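If you read the sequences in order, they're chains S and D.
Residue numbers for the first sequence, in this note's numbering: 1 to 217.
Residue numbers for the second sequence, in this note's numbering: 218 to 519.
Because the hints were derived from the structure by calculation, they are not lab data.
All figures in this text were calculated on a predicted structure; none of them were measured in a lab.
Glycine included, every Cβ here is placed at the ideal spot set by N, Cα and C.
Please note that the accuracy of each hint is not assured.
FRET-style restraints, in silico, Cβ to Cβ [said to hold, decoys possible]: (1) S:T174 <-> D:L237: 39 to 47 Å; (2) D:L244 <-> S:H111: 28 to 36 Å; (3) S:I51 <-> D:I398: 51 to 59 Å; (4) S:H64 <-> D:R433: 42 to 50 Å.
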Amino acid sequence: MIGLEKVSKRYPNGHDALKDITLEIETGEMVFLTGHSGAGKSTLIKLIAAIERPTSGTIYVNNHQLGKMRRAAIPYLRRNMGLVFQDHKLLFDRSVMQNVLLPLEIAGFTHHDAHARARAALDKVGLLAREKAYPIALSGGEQQRLCIARAVVSRPALLLADEPTGNLDNEYATDIMLMFKAFHQAGTTIVISTHDQAAIKSGAGRIVHLDHGKIIS
Amino acid sequence: MKTWLTHHLQALRATLTQMLATPFSSLFTLFAIGITLSLPAGMAVMLDNATQVASNLPNPNEISIYMDDNATPADIKKLQTTLSTRTDIAHTQFVDKQTALTQISQQLGLTRLVNELPKNPLPDAWIITPADTDAQHITQLVSTLQKFPHVALVQADYKWSQRLDAILQLGHDLFTLLAGILAVALAAITSNTIRLQISTRHAEIEVSRLIGATDRYIRRPFLYFGALQGLLGGMIAWGVVFVSTQLLTPQVQHLATLYATTFSIQPLSLMQSAALLLISTALGWIGAYFAVSRSLARIEKR
């Protein structure tokens, strides 16, 4: 599903975020990226999502080599992956429902199909009752669940989550992790960067530990 | 196909929502565009009408030949033969002095005065149309005609007509210049409103990109906005020109009566109206396209 070969990323300020990373993630796997803050977890996720480009090395996603893809082809790649951000990146001038509809509108679903799918996704994360609310009225945990609903609504084969529980209480965090497990069981490949020890120790997935831009284990 | 239609309907709906969300600023922008466009459109109407008036004037290339008083019918006949055999004259018409007097008295309503004249003061005359109408040929012809026996005066109006043509041509050039400058202004106005919109919808663009929106998808609502804004602005311009011509009509008709003619201002023709709306829509679209492309490139860099 995902392959990285000798991937390095140096930011323009000279900081080496990733050094010589080689990593293989199989279809259907669940992988936890762990490590201290600044170890390169977020950078790795951004590289896989083609939000940033590596300084050197090659990255494959879904058998496509990202470096060789045309810029215009990247949106279609992203439609096959769900992205969950620590800061949610919700649109605050749109209702919960409209936020979840956005990826489907972009993919060109008709009104009717899109609404059916969006309801199903909101139901999965337990937000169906709040579909008419605006994100500002949601709690932190609910906002994160909304972000997850938006990520999974187009039923992507790959789900990338960058610190999804970073700002949440333990109780909410467990909730969210359970949701990811459910998606994993349904066959979605999942990559989560986290330092939530409970989730890591649950033994649900492979652990990739990063330290100063290198894979330790 | 269905996807394509869905996308376009979405974009159109988003555009209308956007415009209605800020009705006053939308309206002001539309009026700015409308008034900008009404200048060249109004000028086009003025030029068209002026051209119309010019073409209704008597043929300016005609040359009048007036005979002197001593010319006998035999002299006239001789000149007739000479004139009709010349290849540089396309058409000749003889107006004898009696006919001329009758015409004038009828046209001016001076029958009584004319009847009291002891003697017809008008000469016999010819009205001829030269084969070549350029200035050089006419000058040459005039000087030749001048030398024929019993010819008192040869009068050609070509100078006046050429001046009129030159003025009209200058008007057309001014119109083109003005239209060009204002077209750029219109694209700039649109570009600016679109840029403002993009800055308020920055988050939306960024998120859309992250979840798989193509550049085309992101651009579409803004292009719709620009085009629709241009179209509505064009309609306002049309309205401004229409109302102006209506307001001027009574005065113009009054003026025409004083000149003993009838004349009414022609508003924009169907073709011109269509062209106005088409061009304003296109300019709005172009302005939007530039603004979006620039902004997208800037967002990309971050």
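Evaluated hints:
1. Take S:T174 and D:L237: their Cβ atoms lie about 45 Å apart, and the range 39 to 47 Å holds.
2. Taking the beta carbon of each, D:L244 and S:H111 are about 30 Å apart, inside 28 to 36 Å as hinted.
3. A beta carbon spacing of about 43 Å between S:I51 and D:I398 contradicts the range 51 to 59 Å that was offered as a hint.
4. Here the CB-CB span from S:H64 to D:R433 is close to 20 Å, at odds with the stated 42 to 50 Å.
When the structure is compared with the earlier hints, violations turn up for hints 3, 4 and for no others.
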